[in-house]
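A.B. asks: Following this note's numbering, the numbering of the sequence shown begins with 192 at its first residue and continues without gaps.
If you are wondering where the hints come from, they were derived from the structure by calculation, not from laboratory data.
Incorrect hints may have been included.
The calculated SDA-like cross-link candidates involving lysine to any residue, where the alpha carbons are at most 20 Å apart (straight line), are [to be verified]:
hint	residue 1	residue 2
1	Lys344	Val327
2	Lys228	Thr209
3	Lys228	Asp467
4	Lys344	Arg321
5	Lys228	Pro210
6	Lys228	His450
Across the chosen pairs, the derived CB separations fall in these ranges [said to hold, decoys possible]:
hint	residue 1	residue 2	range
7	Leu447	Arg349	46 to 56 Å
8	Glu300	Phe449	38 to 48 Å
9	Asp194	Gly237	49 to 59 Å
10	Glu216	Gln247	47 to 57 Å
The C-beta atom is built at its ideal place from N, Cα and C for all residues, glycine as well.
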Amino acid sequence: MSDKPYLNPHLAAAPIYTPGTSVEEVAAQYGVTDVIKLASNENPLGPSRRAVAAIQTALPELFRYPGMADDQLRARLAERLGPTIGPGHIATGNGVTELLAQISQGFIEAEDEAIFCPPTFPMYEMLTRRRGGQPVRVDLTSDFQYDRAAILKAITPRTRLLFLCSPNNPTGTIITRAQADQLMAGVPDRVVVVFDESYLDFVDRDDHESALDYVRAGRYVIALRSFSKAHGLAGLRVGYAVAHPTLAEYLWRSRLPFHLGGLALAGALAALEDTDHVARTRELVIAGRAWLQERLNELGLVVIPSQSNFVVFRPGYDPQQVYARLVQRGVVVRPAGFFYMPAFIRVTVGTHEQDTRFIAALQEVLDELATMKPARI
């Protein structure tokens, strides 16, 4: 008999999520104090002032447990989402990642399959593995679109989930309405399709899919949305799912008591009302995204046109080398290897001042590497 505790082999073997490098880590490791972080797709304008004020007002109540029910937040969200979507269609979570964990817990058992489409958010694969499920990989096409025919071919009697991220992290590409309709027409009702729409607020194309249309039509889909990006509340961890009421109620059953803190609820409610802040964020990101893509193209780099608040590009040299040299200049970006793109770097759209500083630093790094003549990739 073993004298060691039993460890679930699926969890013990699961990789650990690696976040982007923090400003504090850069300061400690490199002694750089003037640091801009463009690694984690955070809001360059910060949080809504109305959200901050609401949080400050709620501080004296920290000794109380928050309400078990999130009825007020779900009711406000339902009002915003429009016709035929009610509070019963909505489940909230401690960020979209908790909702993804609840979805994997609810639908994946040993040997069940979940389809994911790299390059994409790695948590889809990681959470499937933690449950003992089988991640089924269907890569994006060479132009970073969903391979609808290959996805449909990959569906088996063991398929439980299909993860679609649009705008996709890290490519920034989308699935169009026509593409989604074609795909959904072939997906069996027994397969739950998860549309991760965390970056939806930054799309400026008219042909983007609308997962809510499938919810309204009664399809078993789950649309995931976030308060971390356009609302600037990444530190509070608030996300929500919109789904058929049967699925939404099912997700409620997996949440922990008091799953959203009182400050998170207060901040999210106030942020939801501050539509001006979201509009300013969206305007800044869309303009900054276009500017960044143009500058990166001028540097002769491979750039994937983005519909999100980040841009992914191929620097032509080892991304870890480029990253390290940028960090030494006080600019933090994200090598995209963790997202199945080992030759690329992802950079968040910042303020114009931050974007300008990033491009200048990148130009210096590329010039420096050119004189050293390392292997190009």
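A.B. asks: Take the C-alpha atoms of lysine 344 and valine 327, compute the straight-line distance between them, and say whether it is at most 20 Å.
C.D. replies: Holds - the C-alpha atoms of valine 327 and lysine 344 are around 11 Å apart, at most 20 Å.
A.B. asks: Please test the hint of 47 to 57 Å on the beta carbon pair from glutamate 216 and glutamine 247.
C.D. replies: 28 Å, violated
A.B. asks: Taking 20 Å as the top limit, are the C-alpha atoms of lysine 228 and threonine 209 close enough?
C.D. replies: Roughly 16 Å separates the two Cα atoms, so the pair holds.
A.B. asks: Sort out whether aspartate 467 lies within 20 Å of lysine 228, counting only the CA atoms.
C.D. replies: 24 Å, violated
A.B. asks: Given the hinted pair lysine 228 and histidine 450, is their Cα-Cα distance within 20 Å?
C.D. replies: 29 Å, violated
A.B. asks: Check whether the Cα positions of lysine 344 and arginine 321 lie no farther apart than 20 Å.
C.D. replies: Not satisfied, since the Cα-Cα distance of roughly 25 Å exceeds 20 Å.
A.B. asks: How does the Cβ-Cβ distance of aspartate 194 and glycine 237 compare with 49 to 59 Å: does it lie in that range?
C.D. replies: 51 Å, holds
A.B. asks: Is 38 to 48 Å respected by the C-beta to C-beta distance linking glutamate 300 and phenylalanine 449?
C.D. replies: 28 Å, violated
A.B. asks: Does the Cβ distance between leucine 447 and arginine 349 fall inside 46 to 56 Å?
C.D. replies: 29 Å, violated
A.B. asks: Between the alpha carbons of lysine 228 and proline 210, is the straight-line distance 20 Å or under?
C.D. replies: Within the cut-off at roughly 12 Å; holds.
Of the numbered hints given earlier, the model fails hints 3, 4, 6, 7, 8, 10; all others are met.
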